[in-house]
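Residue-level listing of the chains:
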Amino acid sequence: MNKIIPVLKKYFEDFKYVFYCMLHPFKGFWELKHDKKARTAVSVTLYVMFILSGLIFQQFAAYTFNPAAIRPESINIFTDTAVFVLIVGLWCYSNWGITTLFNGEGSVKDIFHYTAYSLAPYIIVTLVLTVASQFMSMDEMAIFTTVQAFGILWTGMLLYCGTMVTHQYGALGTILAIIVIFFGMFLVAFIGVLFFFLLQQIFGVIYAIYRELTMRY
Amino acid sequence: MKKIFAAVVAVIMCCAMGVTAFAAPYYNYSFHRGFVTAEPQAYTPYKVIDSVTMGLFDGTNGMKLNKPEDMSASPVNGDIAIADTGNNRIVILNVKYAQKQLLCQPTVITETKPVLDENGEHKLDENGNKLYQAVVTDLTGFMLNGIRYKVNAPEGVTFDSQGRLYVCDTGNGRIFRFVLDENGKYQCDRLFDKPKGLDELLSAEGDGSEGLLPEDGTTVAPETPEGDTEGDTEGDTEGDTEGDTEGDTEGDTEDDTEDDTEGDTEEPDQPQTDNATTNNQYKPIKVAITASGTMYVVSKGNHKGLIELSSDGAFTKFTGATKVKQTLSQLLNRILTDDQKKGTTLNLSTEYSNICLDTDEMIYGTINSIEGSDLHSHFTSKSEIGAAIKRISPIGDDILKRNDVYPPSGDLGYDITRENYSAMVDIAVASDGIYHALDNNKGRVFTYNVEGELLFIFGAKGNVNGAFTDPVAINLFPFAAVEDGIIAADDPEAETYKQMIIAVLDSSTGQITIFKPTEYGKLIRSATMSQQNREYDRAIEQWNEVLDQASNSRLAFNGLGRIQYVRGEYEDACENFMKAYNNVEYAEAFAKLRNEKLEIAMPWIMTVILVLVVLFVVKAVVTKLRHFIKTGGKTDE
Numbered sequence: 000m001n002k003i004i005p006v007l008k009k010y011f012e013d014f015k016y017v018f019y020c021m022l023h024p025f026k027g028f029w030e031l032k033h034d035k036k037a038r039t040a041v042s043v044t045l046y047v048m049f050i051l052s053g054l055i056f057q058q059f060a061a062y063t064f065n066p067a068a069i070r071p072e073s074i075n076i077f078t079d080t081a082v083f084v085l086i087v088g089l090w091c092y093s094n095w096g097i098t099t100l101f102n103g104e105g106s107v108k109d110i111f112h113y114t115a116y117s118l119a120p121y122i123i124v125t126l127v128l129t130v131a132s133q134f135m136s137m138d139e140m141a142i143f144t145t146v147q148a149f150g151i152l153w154t155g156m157l158l159y160c161g162t163m164v165t166h167q168y169g170a171l172g173t174i175l176a177i178i179v180i181f182f183g184m185f186l187v188a189f190i191g192v193l194f195f196f197l198l199q200q201i202f203g204v205i206y207a208i209y210r211e212l213t214m215r216y
Numbered sequence: 000m001k002k003i004f005a006a007v008v009a010v011i012m013c014c015a016m017g018v019t020a021f022a023a024p025y026y027n028y029s030f031h032r033g034f035v036t037a038e039p040q041a042y043t044p045y046k047v048i049d050s051v052t053m054g055l056f057d058g059t060n061g062m063k064l065n066k067p068e069d070m071s072a073s074p075v076n077g078d079i080a081i082a083d084t085g086n087n088r089i090v091i092l093n094v095k096y097a098q099k100q101l102l103c104q105p106t107v108i109t110e111t112k113p114v115l116d117e118n119g120e121h122k123l124d125e126n127g128n129k130l131y132q133a134v135v136t137d138l139t140g141f142m143l144n145g146i147r148y149k150v151n152a153p154e155g156v157t158f159d160s161q162g163r164l165y166v167c168d169t170g171n172g173r174i175f176r177f178v179l180d181e182n183g184k185y186q187c188d189r190l191f192d193k194p195k196g197l198d199e200l201l202s203a204e205g206d207g208s209e210g211l212l213p214e215d216g217t218t219v220a221p222e223t224p225e226g227d228t229e230g231d232t233e234g235d236t237e238g239d240t241e242g243d244t245e246g247d248t249e250g251d252t253e254d255d256t257e258d259d260t261e262g263d264t265e266e267p268d269q270p271q272t273d274n275a276t277t278n279n280q281y282k283p284i285k286v287a288i289t290a291s292g293t294m295y296v297v298s299k300g301n302h303k304g305l306i307e308l309s310s311d312g313a314f315t316k317f318t319g320a321t322k323v324k325q326t327l328s329q330l331l332n333r334i335l336t337d338d339q340k341k342g343t344t345l346n347l348s349t350e351y352s353n354i355c356l357d358t359d360e361m362i363y364g365t366i367n368s369i370e371g372s373d374l375h376s377h378f379t380s381k382s383e384i385g386a387a388i389k390r391i392s393p394i395g396d397d398i399l400k401r402n403d404v405y406p407p408s409g410d411l412g413y414d415i416t417r418e419n420y421s422a423m424v425d426i427a428v429a430s431d432g433i434y435h436a437l438d439n440n441k442g443r444v445f446t447y448n449v450e451g452e453l454l455f456i457f458g459a460k461g462n463v464n465g466a467f468t469d470p471v472a473i474n475l476f477p478f479a480a481v482e483d484g485i486i487a488a489d490d491p492e493a494e495t496y497k498q499m500i501i502a503v504l505d506s507s508t509g510q511i512t513i514f515k516p517t518e519y520g521k522l523i524r525s526a527t528m529s530q531q532n533r534e535y536d537r538a539i540e541q542w543n544e545v546l547d548q549a550s551n552s553r554l555a556f557n558g559l560g561r562i563q564y565v566r567g568e569y570e571d572a573c574e575n576f577m578k579a580y581n582n583v584e585y586a587e588a589f590a591k592l593r594n595e596k597l598e599i600a601m602p603w604i605m606t607v608i609l610v611l612v613v614l615f616v617v618k619a620v621v622t623k624l625r626h627f628i629k630t631g632g633k634t635d636e
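Note that the protein sequences, when read in sequence, are chains A and B. Take 0 as the starting number for the first sequence in numbering that gives the first Met the number 0 and just add one per residue. Take 0 as the starting number for the second sequence in numbering that gives the first Met the number 0 and just add one per residue.
Everything hinted at is true.
Sample of chain A residues lacking proximity to chain B, with all beta carbon distances greater than 10 Å (derived):
| hint | residue |
| --- | --- |
| 1 | Asp-13 |
| 2 | Leu-100 |
| 3 | Ser-106 |
Here's a subset of chain A near chain B, in silico, CB distances under 8 Å, partners left out:
| hint | residue |
| --- | --- |
| 4 | Tyr-62 |
| 5 | Thr-63 |
| 6 | Pro-66 |
| 7 | Phe-134 |
| 8 | Ser-136 |
| 9 | Met-137 |
| 10 | Asp-138 |
These are calculated hints, taken from the structure and not from any lab test. Please read all numbers here as calculations on a predicted model, not as lab measurements. The beta carbon of each residue, even a glycine, is placed where N, CA and C say it ideally should be.
Given the sequences, and given the hints that come with them, work out the whole structure.
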């Protein structure tokens, strides 16, 4: 017990840095990388919370803002989780691939950390809205969507700053890099699907040959 | 012993089932937000009437119905008129579905007459035998003002509120009116010939330069001279009908006969020839008549909306045309040369397939020729262009209520494939505003209430009783229902149920199928009406009965929710709206519920906040005071 408490204390101390990054993106992300402020435990927690917040919203947000809630059979947390993981994974992978070619200075680890720290506003807004939606009616739809958009924009802004600081790009270069990263994500997804189908075909051919041979001999 | 008993029970049950109407060859369903739910049967086929039961064909003699296109029931005595298009005649049945009168039935009399020579004496051949010849007299048609008229491929029959029959002579481009005489037979009393100048207006769209309509979708009639007899070549019928301006029956016929005798002075004995022209742009297929005699005509291939004719048959205006989509190619059209324009497709307004009037004299129209993409956008965003059913006000606006999630346009498709959507060909409106639309594509009847909510669906395509091959017309048979014994005359709700008996005409088989409502159908109907009439206690009872039969009925949950909302029982209302997947009304009820709760909670919340503020202030003052006392009023320096 005595061992755990200081660990926890340190963990929460590290976690506070997430909020510092939210409010001071440039300095925050700089120190994240160069002063080794990033903690893998915190990043993993953020990723898990990102997935959980999405699922919690789907499951518990009020019916008014979440018509799918009435049909629980339409919600599949496994596919939803897979989609979240896939998007984040693709982003990190494509980010690393592209920025390496574009003389970016961030390592995979840096990318992993700054992406996690950037997701914080989205997580907070989603959780807050899940609670707030219980007290909101259709008339407050405008407030709801505004807050939601605010959270997404903030996360976008953090991602932009994080990319800029971590890879040492200029303002326009970052925009270009992000566009190329998105393109890379699609490319990877496309090649993945292609690979999958080709594998299926090859398997089919091998299986056909096997059948042919077993039938004949 | 047990086995015998079971067998007896089974036999009895089979017999009991056999006595009721035959089993419906379809399943009843409803759909909402992308999922289909099974529903109890609302209607069952009760009876099928074919040419034999009508008395038109006894196996060897007579003519079967051949591609009938329309059907109508008289609101006065329940007579049923069928436009037997393929045989160029009109069949009128009485209220017991038996043949009563045949208009324009082909009657050719062949007589053997002596051959007369120049002197009027019987001619003899070489052997001294008297010569005879066969004389063929064509008596097909009906007489009006001494002229024998025939109809050519009539596609529309309609009774007006006074029980007068209007027949659309589609092939000849004119409309006849028939009235009941004292013998109970229909006699032609009026001819509404093609209005002057209408052909030119209708063909004007063919030049390719403009498929666009004016903003309001109406076209005003061109100035036509009133008495246009001089212009006509042979002083024909057109002049006669337009000559009389009073819209009444008896006086007109007299006037007409006078006019006619003036017109044809040469041979008063011989019947005048019918100057029908078959090469018309104006091809009336359906007509609806208001109480004041105004006629709304659907003309085949007309993209300018409904043709409104005044009570004397003169063209007034086009009304109710659907606005056309503005597409990129139309912008392009502006810079094309005339030759290039000929190669482009026209962007035309959709044409109506059928119309009928409701009790408020609004026109209910069905539209069939809609593209799949338009229907798709209509279902996803309620766009105006893809609407398959419209309710048109006298000024030409569409005023149909579409308050449900999906608009009342039949089946919901998931893409732009036209075959997935309904092809509405006819519509029947009951006196309480509930309307039935007939889908020719899948052979289904869709019933909607005034709010545009789907009540039930029934019918199918097929060859068994109760299914259709090519359904073309739907009508309510309130008179036949009582006569047929479907409804007991002493039933307290007979008036309501009378409006529920539906008949569907199948063009390819020439059969009329009569449908009667099941208990479930009746229950939904009476619950809908109770709610509409604000008899809420009764409605709640009936909706609960509906839920006993169909525990997922969206209609029942919505109905209960609305009543509870009106009564201020917001919590129950929320629950019911949620069960009905009605998130819009749920949100309304929820807002009321929240405000109600806030009103109770607000004093407490405010008290707590006030107390906290006071405590905070007190604390601040106390620390200040303590500090002051400690330092003795001196500043820190």
